[in-house]
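Asks: Protein chains in written order, with our numbering: chain A, 129 to 291; chain B, 465 to 1029.
I should point out that these hints are in silico values taken from the structure, not numbers from a laboratory. A few of these clues could be false.
To be verified - Listed next, the stretches of chain A that the computed footprint assigns to chain B, with coverage defined by at least 3 CB atoms under 8 angstroms from CB atoms of chain B:
hint : segment
1    : 181-193
2    : 238-250
3    : 273-286
Unchecked claim - Which stretches of chain B does chain A cover? Using the computed rule of at least three CB atoms under 8 angstroms from a CB of chain A, they are:
hint : segment
4    : 640-646
5    : 760-771
Backbone N, C-alpha and C define an ideal beta-carbon position, used for all residues, glycine too.
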Amino acid sequence: MRHIISMLMENESGALSRVAGLFSARGYNIQELTVAPTEDETVSRLTLVTEGNEQQIEQIVKHLNRLVDVVKVVDLTNGEHIERELLLIKLMATGAHREELKRLADIFRAQIVDVSATTYTIQLVGNKSKSDAFINALDASLILETVRSGALGIMRGEKRLQI
Amino acid sequence: MELTGAQIVVKFLEDEGVEHLWGYPGGAVLPIYDALDTTATKLQHILVRHEQAATHAADAYSRATGKPGLVLVTSGPGATNAITGLATAYMDSIPLIVITGQVPTNMIGLDAFQEVDTVGISRPIVKHNFLVRDVADLAETLKKAFHIALTGRPGPVLIDIPKDVQNAKTEYTYPESVNIRSYNVVTKGHSGQIRKAIDLMMNAERPVFYTGGGVVLGDASAQLTELVRTMGYPITQTLMGLGAFPASDAQSIGMLGMHGTYEANLAMHHCDVLIAIGARFDDRVTGKIEKFCPTAKIIHVDIDPASISKNVKVDVPIVGPVAQVLEDMLDMLRHEKRKPNSEAIAAWWKQIDEWRSIKCLTYQPSTKVIKPQSVIELLHEITKGDAYITSDVGQHQMWAAQYYPFDKPRRWINSGGLGTMGVGLPYAMGVKMAFPDAEVACVTGEGSIQMNIQELSTCLQYGLPVKIICLNNRFLGMVRQWQEFFYDRRYSMSYMDSLPDFVKLVEAYGHVGMKVTDPAELETKMREAFAMKDRLVFMDIQTDHTENVYPMIPAGAGQNEMILV
Ligand SMILES: Cc1cc2nc3c(=O)[nH]c(=O)nc-3n(C[C@H](O)[C@H](O)[C@H](O)COP(=O)(O)OP(=O)(O)OC[C@H]3O[C@@H](n4cnc5c(N)ncnc54)[C@H](O)[C@@H]3O)c2cc1C
Ligand SMILES: Cc1ncc(C[n+]2csc(CCOP(=O)(O)OP(=O)(O)O)c2C)c(N)n1
Ligand SMILES: [Mg+2]
């Protein structure tokens, strides 16, 4: 099953490679990964998506907790949470396609954020399945470049991941 | 007091109470070596002949004393030579602290002379590592390293110090304590879980204690012994746990696993309650996981949550330091009204004694050729079972584990998890340095000993009169055994041709060498060797090369599928 795991870690050089190294060394696989500093500049928030059965995910979480640079870990999949990713997609947009792509973007509540004589760059925010659906709705031959941020996640309500 | 980074390292180690530092100099650590000369007062540096040996010696020092082992090596090749030692310590959870020099910070990343990414290379085989970029952080980083190495599940920590940081100056005060917000150690097991464990133990009909290195590392031998005696249940110990419970006690049914005893492995296979304490369900122990303890409810005490349910799903996990958890168990037992099911336990013991009666460790004695097992038995007799025994890796290691019953913890010093050939002699050095008056013997093979034989020179320089018991079977015996069993006797590359004349070799190093081929001479010679209290004696004992280690569970088989002879 797909799990979205989020953690706070020390904002130190090498911390990310410890996480990445753990996954490769133990044969787990990282499907998506995002990392950026938080409001506290000594701490980074890392979110990753991985696949595994219950026992594997349990081991992954335990091993992440074992890393000295990792402060807190949560498997967001276990509770109510919001998941978002940002999709930036550059499309061939000429002739009749220009109108049609704009319409499709509206349906998905995506925005055209850059325009050239022959292309549109569209931004879409949503969860993975929304991005997938949008990409699937497009004529594949029009896609020039796809950039996905990978999932970000946060717990719903008052619950939060904090030090 | 204003000091250079190099002086801070030396001063800190002394303030931390470190007595011995194993190492080898080079360009990137010259400032620290200079500080050793100018600043050190109590700290003794031992100059090894190869950095790998420094790491092993310090590792053994730790295994024998429980204190951290300290290593100092230079950047580049110094650091890479230390890697095997780090991995060895990591696999057996040993608090080894390795300080490496690094090229100056402004040259990092430029492929500078003797630059390697030491932190990157060592990352998967250390508990944690640090690159110190600012001298202001140095003392605190060193303190953190000690704290991390020694607490929780122990493990090696590496500190990489660029040369300019060693030369830079700052104010030094010894950091008495340190706080790492992202690193917290459990100090107690969950009492509800401990209660559940007691319930299972009380109702057990065929219980077994399965204990390991965690009991040794956690200094919980006394608590374990009391618990096992209180319950009256059989106990089997892993290779790493040997000595935590006295092997000579009737409740001990020997080592378990691939080369464990018949009674231990069958008891495991048939038990209904397994009480695992500080053991990590290694594949040398479990055999094929699907066939492991098919009828057992499993209790598992371990300080590392990641050890629990890693290989085998357990029923009652207890995360905590073994000494404290066992204290709590003993406490609950003192208020316990129930008694173990004496009828069932008696029947269980009867069954175990039946298994025991086949005497699976019996071997064919000989008057023509020296049997390796007999050498270990003799070693046990001559040292009155009270020596520190270090071992290399191979058949001789298994025979030492099987035929030298250890009654005390920290007496059996060997590489279990990584199985590193070449540790034996440096291990003996580390132990002898810690306990100069104790008898220290290294059981080795002619293959393993050659992997760090240069350390004979270190032994001479520092007066480390250890005894080397080399079971010379002219073969990489453990490899030969697998080839005999599983590769149709095709002995590919397992014959050790062109062996040196060990007697001459050790003599050249300034020690005493003895070659023994006649079984009738063995005892006299060994007594002679041990009578030379202040000499290192190397006994080149020509043993039966056809001998195999039994019992054996072939890899991938179940615990009840042992080869007996
Ligand atoms: C040639 C060869 C053959 C071998 N054959 C065998 C064999 O037949 N039988 C055998 O048993 N082994 C054998 N081994 C060794 C084997 O590979 C493993 O090293 C060994 O089984 C692991 O022992 P352990 O389970 O006690 O774990 P260790 O590696 O000693 O691990 C200790 C465990 O205790 C935990 N721990 C540490 N400190 C504490 C504390 N304070 N409180 C609580 N828990 C703590 C740790 O988290 C860890 O889980 C062999 C090795 C070699 C090289
Ligand atoms: C560094 C290293 N290389 C290879 C091995 C694989 N190996 C395990 S036992 C063994 C043979 C050891 O031979 P020897 O030291 O003569 O001991 P014996 O088995 O003959 O008693 C080998 C090659 C190892 N464990 N470590
Ligand atoms: Mg040999």
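Asks: Does each hint hold? Answer for all of them.
Replies: Here is what the structure says about each hint:
With 6 residues having a beta carbon nearer than 8 angstroms to a beta carbon of chain B, the segment 181-193 of chain A meets the requirement of three or more and the stated coverage holds. As drawn, the segment 238-250 of chain A meets chain B at 0 residues by the rule of a beta-carbon pair under 8 angstroms; below three, the given contact is violated. Against chain B, the segment 273-286 of chain A contributes 0 residues with a C-beta closer than 8 angstroms to a partner C-beta. That does not satisfy the three-residue criterion, and the hint is violated. Counting residues of the segment 640-646 of chain B whose CB lies closer than 8 angstroms to any CB of chain A gives 3, so the stated coverage by that chain holds, three being the minimum.
Residues of the segment 760-771 of chain B with a Cβ under 8 angstroms from some Cβ of chain A number 3, which satisfies the need for three, so the listed coverage holds.
Of the numbered hints given earlier, the model fails hints 2 and 3; all others are met.
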